[in-house]
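**Student:** Let's have the full structure, built from the sequences with the hints guiding it.
Read off the chains here:
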Amino acid sequence: MGLAWRNLCHERTRFAVTLCGISFAVLLMVLQGSLLTGFMRSASRVIDASDAEFWIVAKGVACFECATPVPARFREIALGIPGVIAVERVVAGAAVWKKPSGKSQLVYVVGTEHGAGREFPLPYLSGSEGPLKPEMVMLDESNAELLEVSGAGIGVEINRRQASVAEVISDFGSFIGQPYMFTTYRDAVQYLGLSGEDVHFLAVHASTGSSLARIQSELQSRMPEVNVWRREEFAWEAQTYWTMLTGAGSAILTAAFLGFVVGTVVVSQTIYATTMENLEEFATLKAMGASRFYIQRIVLTQAWISGSIGALIGVSITIPLVRLVKQSIAWVYMPWWMPVSMVAVTLGMCSLAAIVSVRKAVSVEPARVFRA
Amino acid sequence: MNTCLSTDHVSVSYGSGAATVRALRDVTLDFRPGELTLIMGPSGSGKTTLLSALGGLLTPDTGEVSIMGTTVRGLDQEEAGRLRQRSIGYVFQAFRLFRSLTAIENALVALEIGGVRGPRALDKAKAALEAVGVSHRANCLPSELSGGEKQRVAIARALVNDPPILLADEPTASLDHASGEQIASLLRGIAAGARRIVVVVTHDNRWLERGDRIVEMSDGQVTKDSGEIQ
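Here the protein sequences line up with chains H and U, keeping their order. Numbers given in the working numbering equal positions in the first sequence, counted from 1, plus 1494. Numbers given in the working numbering equal positions in the second sequence, counted from 1, plus 255.
Just so you know, these hints were derived from the structure itself, not from any lab. Note that CB positions come from ideal geometry on N, CA and C, so glycine has one too. Zero decoy hints are in this set.
Quick list of simulated restraints, FRET-style, between CB atoms:
{"hint": "1", "chain 1": "U", "residue 1": "Glu399", "chain 2": "H", "residue 2": "Glu1774", "range": "17 to 23 angstroms"}
{"hint": "2", "chain 1": "H", "residue 1": "Lys1854", "chain 2": "U", "residue 2": "Asp459", "range": "32 to 38 angstroms"}
{"hint": "3", "chain 1": "H", "residue 1": "Arg1853", "chain 2": "U", "residue 2": "Asp316", "range": "22 to 28 angstroms"}
{"hint": "4", "chain 1": "H", "residue 1": "Val1759", "chain 2": "U", "residue 2": "Thr478", "range": "53 to 59 angstroms"}
{"hint": "5", "chain 1": "U", "residue 1": "Gly270", "chain 2": "H", "residue 2": "Thr1507", "range": "36 to 42 angstroms"}
{"hint": "6", "chain 1": "H", "residue 1": "Trp1830", "chain 2": "U", "residue 2": "Gly373", "range": "38 to 44 angstroms"}
{"hint": "7", "chain 1": "H", "residue 1": "Val1759", "chain 2": "U", "residue 2": "Gln476", "range": "48 to 54 angstroms"}
{"hint": "8", "chain 1": "H", "residue 1": "Leu1815", "chain 2": "U", "residue 2": "Glu399", "range": "37 to 43 angstroms"}
Chain U regions said to be covered by chain H (calculated; three or more residues, Cβ under 8 angstroms):
{"hint": "9", "region": "345 to 352"}
{"hint": "10", "region": "355 to 361"}
**Tutor:** See below:
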């Protein structure tokens, strides 16, 4: 620890550059990771908010934002399957929101029935158990400025129908460019100009203790014209679709991958350079009879000190930075494990780089000490 | 103390094929305790290679090097390291002090490699610095020391484990005249006082009057040995 720490501190500029490199790498990895995580989370945010065990969706539909009609009678068929206790109808689609200033904005209306889930935004009269308030909508706080909504109670117009803002919610920022507008199934049908029985998705609830595999199998066999997915499956399909099959998602995925690669390369190169900087000292130690373990310990300690301090600086910069970014990109999401795992990745990369460079250090020819 | 350092028909070559350089050719030498041996010769004569071989830092192509009765050939890196740590102190032309450590910490590193730590190590390090006359500079970094002081610290580091052999490569080449004289006297005293084997590679003729034995080399061969054992 002594020589390792003193070596680092002695070359302060070099150490500062090392810490900058590692901090930057951590910042890059956490930020890009947060963008990717946020994007994937947003891609299935509405699906995940429901309590339904199954989602019935039209064939070929891979995400919530690709709403396609399914036969309304499937609701009754689903309710007839043993173990199914409730089926909510869900409709979704684009509509024109007229702002108080008279300007228009396209929004993505999401309407469902009572009981879709405790987290699912619905304009309940009180709590999540009471009746639904008619002609009321809910929108995310990140879209409030765009839609010129200053708070609850504002009167608006959606596809030339009157509505009021019931509540400004959070954590439902849209990533598709059209703000989500949550309302009841009945009102959504009206806003979207659908017929009274139109359905885009069916959210199916199963009774506690029933076999989900059996219910899914029975639902699918009774309704082969549609896909019956577990909620997690539909969420994963949506995430895969948006991340892998769309240009924006692929770009974010690629950026995250590159961020990770660049980050690890920066960390590795930085640690490797630090070891190489002290190669002559390692040769001296070796000539003096130091064991491989002694030298390995110094190199690894140097790497871990640099990695730990650099990662902590990186994380402490990244956390407020992500908050700042969130103000303009609402769906950015940094789960607690993101900085923790990136610190772990950084320390892992430091160790790996140290192991690679330590081979150079311990294989250094001790006879070089006599070359002036 | 069974002090013993010898080479027996040692040859060392570098490179391969047509580019092969034979740095040492059939060198046989025996070194005696209490004797300061000077190895002299022009550049490229094999002096430093001989010193590396004597220090167990390289394995000869042919022949044997024996340090304290142990033949270097056949030792793995760790065993050779332990043998060096126990038996040999090195003094280099460029000092090779650890630049981030103070004088006393430089000496402590040598003890730590040998497994000596704590108050005992501190006492030994202080004593080593005292012995070479730089105890008052114990807490200075190498960058704060003069050339002569650096070399004294390097000698203290080399001697702190009390090795029976001290190998020095051009120890006065980087020093001014006065400092060089002092270092030469110091090494002379170290050889005589503690009955150590001291081998000094040098170009510096000022050493001539201090050496007990002079080995002259040319083209990798010993051309003259003033103290050859008959």
